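K.L.:
Whenever a hint applies, use it, and build me the whole structure from the sequences.
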Amino acid sequence: MRELTIISEPYPSAAWRETVVRGVDQHNVAITGLADYYPVGFVMRGARGEVLGGLLGDIWGGWMLVGSLWVDASLRGRGFGAALMAQAHHYALEKSCTHSHLRTGSYEARPFYEKLGYTVYAELKDHPIAPHARYFLSTRLDQDDATDTHASDPVIQMEPYVSSETAGAIRFGISSHAYAAMGLPEQAWWPHNFFLRDERGEIVGGALGNLWGSWLYLDYVWVDRSLRGGGQATQLVTAAEAQAIARGCTGAFLGTFSFQARPLYEKLGYRVFGEEKDHPKGHIHYLMTKRLHGVH
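Heads up, the sequence shown is in the working numbering, so the first residue is 204 and it goes up one at a time.
Hints listed in this document are in silico derivations from the structure and should not be mistaken for laboratory results.
No experiment lies behind these values; they were computed from the predicted model shown.
Hints should not be assumed to be uniformly reliable.
[What the hints assert, rightly or not] Pairs of lysine-lysine residues, derived as DSSO-like cross-links and limited to a Cα-Cα distance of at most 27 Å, are as follows:
no., residue 1, residue 2
1, Lys318, Lys480
2, Lys493, Lys328
3, Lys298, Lys318
4, Lys484, Lys298
5, Lys328, Lys470
6, Lys493, Lys298
7, Lys470, Lys480
8, Lys493, Lys480
9, Lys328, Lys318
10, Lys328, Lys298
[Said to hold, decoys possible] Simulated restraints on C-beta separations:
no., residue 1, residue 2, range
11, Phe315, Ile234, 42 to 48 Å
12, Gln229, Ala285, 32 to 38 Å
13, Leu430, Arg251, 48 to 54 Å
For every residue, glycine included, the Cβ atom is placed at its ideal position computed from N, Cα and C.
P.N.:
Encoded structure:
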């Protein structure tokens with residue numbers, strides 16, 4: 204019988220993380236037959252090459268995820284955000300996308316996205332802390348709307364393979380705005396990763412996520428095929444929840460596809476609070492949440 208150990212590792216090696224992410228991705232491709240994946244990146248730079256704004260995301264299954272959008276405070280209100288979104292929409296249509304989706308906080312840019320045609324399909328109250336909320340928005344992409352929005356210098360350039368430094372500058376800009384808007388301390392966000400390792404040192408499962416404010420977010424949960432049905436996924440999620448509770452979290456949320464693990468999460472107390480139909484085509488993406496109480 205294999206000896207399995209659950210390890211908490213906030214800052215894992217790239218190999219450990221890639222093992223879990225690749226395991227999830229391979230399962231998704233095997234089930235759906237959709238193997239095409241494209242990174243999305245558009246960056247605004249100043250005369251000295253400094254990053255003044257950008258949009259980061261990815262495309263899979265006919266949907267574009269706008270993961271990060273930021274414009275430097277000195278340039279806001281001049282159409283750069285709309286120009287970044289227009290270029291991303293145009294690229295998504297080139298890749299045969301039918302939809303785009305994103306998340307935004309109540310202290311961020313919901314009115315801006317609604318002007319661009321996005322609508323709210325789900326809401327997470329008190330995220331990351333009360334009285335704020337996280338909104339989940341989507342839009343159907345239309346070729347007739349794929350017109351470039353003009354904005355004066357600095358020029359927006361497509362950079363699908365952005366460096367870690369460029370991505371870091373964009374995400375730092377977003378987090379700085381969030382902390383200023385909510386008054387959260389700098390250490391309000393933590394990586395939150397758990398790995399299942401066997402006696403030979405092989406990573407055979409994992410739960411990857413983060414803690415922000417009073418919430419746990421689980422981004423990836425995976426167990427090697429040879430171990431499925433043995434309760435290891437439940438153990439990983441339970442371990443992640445227990446440590447989140449110890450750090451003061453009161454809620455958890457995650458996303459799962461109709462071909463993945465909704466029944467498992469429902470057994471663990473999660474409920475559906477939003478869904479994206481036909482994501483990817485012929486399937487459904489569910490958003491699920493749970494209140495965290497006590498220590499497991």
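K.L.:
Of the numbered hints stated earlier in the document, which are not met by this structure?
P.N.:
Hints 6, 10 and 11 are the ones this structure does not satisfy, whereas the remaining hints hold.
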